[in-house]
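Residues per chain are reported as follows:
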Amino acid sequence: MQTLSLLVNRLLQLLPVLLGIAIVTFLLLKLTPGDPARLLVGDRASEETLAAVRQEYGLNRPWPVQLGTYFGKLAQGDLGESIRFRKPVSGLILQFLPPTIFLVLYVVSLTVPTTLLLAIAAARNHGGWADQAIRVFGVCGFTLPVFWVAIMLSRLFGVELGWFPVSGYGTGFLEHLHHLFLPALTTSIWLVPVMVQSLRAALLEKSEADFVTAARSKGLPERGVFWRHILPNALLPTLHLLGVMVAYLIGGTIIVEAVYAVPGLGRLMVSSILSRDYSVVQGLTLFFALATVLVTLLVDIATTLIDPRVRL
Amino acid sequence: MSAPDRAAPLLEVEGLTVDFETRAGPVSAVRGVSFSLAPGEILGIVGESGSGKSVTCRAILGLLPRTARVGGSIRFDGRELTHFSEADWEHMRGRQGAMIFQNPASHLDPLMRIGAQIGESLRHHMDRSGPEARRDAIHLLSSVGIAQPELRVDSFPHELSGGMKQRALIAGAIACRPRLLLADEPTTALDVTVQARILELLRALNRQHELAIILISHDLGVIAEICQRVLVMRDGALVEQGRTRDLVATPKHPYTQLLIASQPGLRLRRPRRTGAHAAGQPLIEVQDLSVSFRAPFRWIDLTKGQVRAPRIRALDGVTFALHPGETLGVVGESGSGKSTVARAIARLLSPSAGRVLFDGADVHQLTGQDLLRFRRSVQMVFQSPYDSLNPRLTVRQTLAEPLRRHRLAPPRKIDERVAELASMVELPQDLLDRTPRQLSGGQCQRVGIARALAMQPRLLIADEVTSSLDVTTQAQILSLLERLRAEAGLTMLYISHDLAVVRALCDRVLVFQAGRIVESGLVDEVLARPQNSYTQTLLRAVPRLALAPQAQFQAEGTAHAPG
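So the sequence lines, in the order shown, correspond to chains H and F. Reading the first sequence from the start, the letters are residues 4 to 315 in our numbering. Reading the second sequence from the start, the letters are residues 102 to 664 in our numbering.
In isolation and in its complexed conformation, chain H is listed as follows (with noise of 0.2 Å):
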């Protein structure tokens, strides 16, 4: 029950926050140079034209009026129209959002047991010579440039071994593992040594604890302490790390998503901006905050439910 209440409390907090991403994403549009009605009616429109259009719009009228409009309409889920492709921004978000939202879940689970077994290595064989061998490795991975990786994978997987298509996204469950499988390496081989640097960092820390050499002195055994009282203490700065970078992904994949022709919403935002589609790239920045703080909630129940000390 307590817990609830928390959760509701927690849920409540969050709609000043909504509010204040509505009001920056309004006002993201507001500041821009240049005028969305010449935008939409083109260089060579009338003044005629370009006067009903801001009528139609509401363009004309002050814009504290065209803010309370803007949160009328986002009540009802209407996040305007695309110009480009003449659909209303949430259907366009909701038809783009499948491959990214496959693609981070790929990566995630590619990275979580990846990271959790290279840090556990290292911190056990701390520097000793598996612990160098990561450490170089984890130098490599994050410091290769993300475009360069992704254009050598599917050079090699994709061209010259045709193991793994390299562009798509295929239909089907099996075809989108198959399609996504090189974007989601990609993106993994730069985040897992971030993600086990973080680890590796936390179980050193926690192995000189003194609750670990109060559970020692007690007799137990030394893969019990560290899997019973080591690795749980040391997951949690882990996990907020990884909470971050879900959210990062979520928006920011865009240059994987531009090698490998995925069709999510990094691309989606990209040739979005190159277009002008200013509506698009409004609703798409609104969708990107509301998803890091969703991310951040889960990231903050996760803890609670780790780490008795944590309330919501």
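No wet-lab data here; the hints were simulated from the structure. A hint or two may mislead.
As the list claims (entries may be wrong) - Taking beta-carbon pairs under 10 Å as the criterion, some of the chain H residues facing chain F (in silico):
id, residue
1, ASP134
2, GLN135
3, ARG138
4, ASP213
5, VAL215
6, ARG219
7, GLY227
8, ARG231
Said to hold, decoys possible - Label pairs and their computed distance ranges (CB to CB):
id, chain 1, residue 1, chain 2, residue 2, range
9, H, ARG138, F, SER262, 40 to 46 Å
10, F, ARG535, H, TYR251, 42 to 48 Å
11, H, ARG226, F, SER485, 31 to 37 Å
12, H, ALA204, F, GLY172, 32 to 38 Å
13, F, ASN491, H, SER170, 52 to 58 Å
14, H, PRO240, F, PHE121, 16 to 22 Å
15, F, ASP347, H, GLN135, 30 to 36 Å
16, F, ARG535, H, PRO224, 55 to 61 Å
17, F, SER129, H, ARG226, 30 to 36 Å
Glycine is no exception: its CB is placed at the ideal position from the N, C-alpha and C atoms.
Add chain F to chain H, keeping to what the hints say.
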């Protein structure tokens, strides 16, 4: 395994040496320590931090870091421990010998329920199933004096008080009925009343289960409470050992004599000024001061009917005055509001009711230049000497910062003034360019005091400044404070849970309990003839040395000097 002969020692340590390998070469922590322990005996090891007493203790359970090299011989129950493999250790630890530690909060896994932590060794050593281990854990919790053990077994460590955590740690240590318990400063982090109860528990466990105990402490008073024999260690070597009573009565080694002379209750004190300055205007007047902390705000509360204190009263209508040149002691257990009152006076938190007057002006109404002057006039020294200094600044920078910021000295004179401050607190000049990490606890505390003095304050608030220091260092800091007060005419608010220290240093004392003053008056009167039952409990809990007649006479004589 055959039952060992009753007379045979349980533990025999001979010529134990421990060296740590560092980059600068081996550092010797224990040099040739030999002693023995009979079954069912309680042995004390006393010494200051760095004397090697903890390292000796950890060597007995093989809990030293990998960089440690152990030499000599440790025989437990006839077996040589220095040749133990990791598997032998796992069998021995918890089952034969167990350990409890100084800081119970950090030695319990914060993510695991108390019952699971106690049950761990039962499941490992005694092959108990989950439910059996839980049932045993409940029994153990009740045997170490935890109320409602069937509820507490499912608590997490942060839900317990400090004393309860130490009890839970003890329950985990004795779960598999070990024959030896190593107690490394088990009461140092606890209040004096809690300390008395934990010591009582250790003594009871010793009697009931013939549990042999090695009690490590820097406080000879604690050792003398329950130990039959005591070892005195210094710089990794054993300087003296013997029966506690004999050793306290006729200490042979100069260091032992110093340890005994450093006991705060034994220090000679200046004659008190009593009541003489109670006339005139008080420097600080606290009027009906209350401080409460709000529980976190919730939009909607679904926890109806559940008990949740909406406001926590840290201080409840406290009134007292502090006159110039006076030293006022504030005593009480943790949570009694004694630090809160200091923070309210220093305007580090604001009261929910009542006023604090400084020189007749309401402290919490001050603004601008007046506030700045007030901030300068009231300085604090904190409990943890390391944590209250910026680790990246040298002593010189730490002392120069307030001088520069408040323009208390012209830039050319700052170095001179820093040197002057250092000599005031008897800090050697060659330490000025070191960082806190390179200083001892006592030296850090001197820096903290010098930093406060840099502002030439009219009121010095000392919040438990000696409680994390060794007895000998504590004695040095106390005589420093006393000298500063005599020379600079400093007014001081001295907060401590240690009644002996307050008795040695203060003119008047306030006894706090649960945010209220339960007793106040001249130190000698309050501590010699306490009226309030809580004060009496506090006093009874203070461990006392069974003093030699001469020292006893001296202490009594000064304690009862009529005001």
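Hints versus structure:
A least Cβ separation of about 15 Å between ASP134 (chain H) and chain F goes past the 10 Å threshold, and the interface hint is therefore violated. Interface restraint check: GLN135 (chain H) against chain F, minimum CB-CB distance 18 Å, threshold 10 Å, status violated. Look at ARG138 (chain H): its Cβ only gets to about 21 Å from chain F, farther than 10 Å, so that hint breaks. Residue-level restraint check for ASP213 (chain H) holds (minimum Cβ-Cβ distance to chain F is 4 Å; threshold 10 Å).
Hint on VAL215 (chain H) holds. Least Cβ distance to chain F is approximately 8 Å, under the 10 Å limit. Because the closest C-beta pair between ARG219 (chain H) and chain F is about 6 Å apart, less than 10 Å, the hint holds. Interface hint status for GLY227 (chain H): upheld, as the beta-carbon distance to the closest one in chain F is roughly 7 Å, under 10 Å. For the restraint placing ARG231 (chain H) at the interface with chain F, the shortest Cβ-Cβ distance is roughly 7 Å, inside the 10 Å limit, so the hint holds.
A hinted range of 40 to 46 Å holds for the C-beta pair ARG138 (chain H) and SER262 (chain F), which are about 43 Å apart. A hinted range of 42 to 48 Å for the beta carbons of ARG535 (chain F) and TYR251 (chain H) is consistent with their spacing of about 43 Å. Restraint check, ARG226 (chain H) to SER485 (chain F): a C-beta distance of roughly 36 Å satisfies the suggested window 31 to 37 Å. Between ALA204 (chain H) and GLY172 (chain F) the beta carbon distance is about 34 Å. The supplied range of 32 to 38 Å therefore holds.
For ASN491 (chain F) paired with SER170 (chain H), a C-beta distance near 56 Å keeps the hint of 52 to 58 Å intact. Our hint of 16 to 22 Å for PRO240 (chain H) and PHE121 (chain F) is violated, since their Cβ atoms are close to 30 Å apart. At about 58 Å, the beta-carbon gap between ASP347 (chain F) and GLN135 (chain H) misses the expected band of 30 to 36 Å. For the hinted restraint 55 to 61 Å between ARG535 (chain F) and PRO224 (chain H), the CB-CB distance of approximately 43 Å leaves it violated.
A C-beta distance of roughly 33 Å is found between SER129 (chain F) and ARG226 (chain H), which places it inside the suggested range of 30 to 36 Å.
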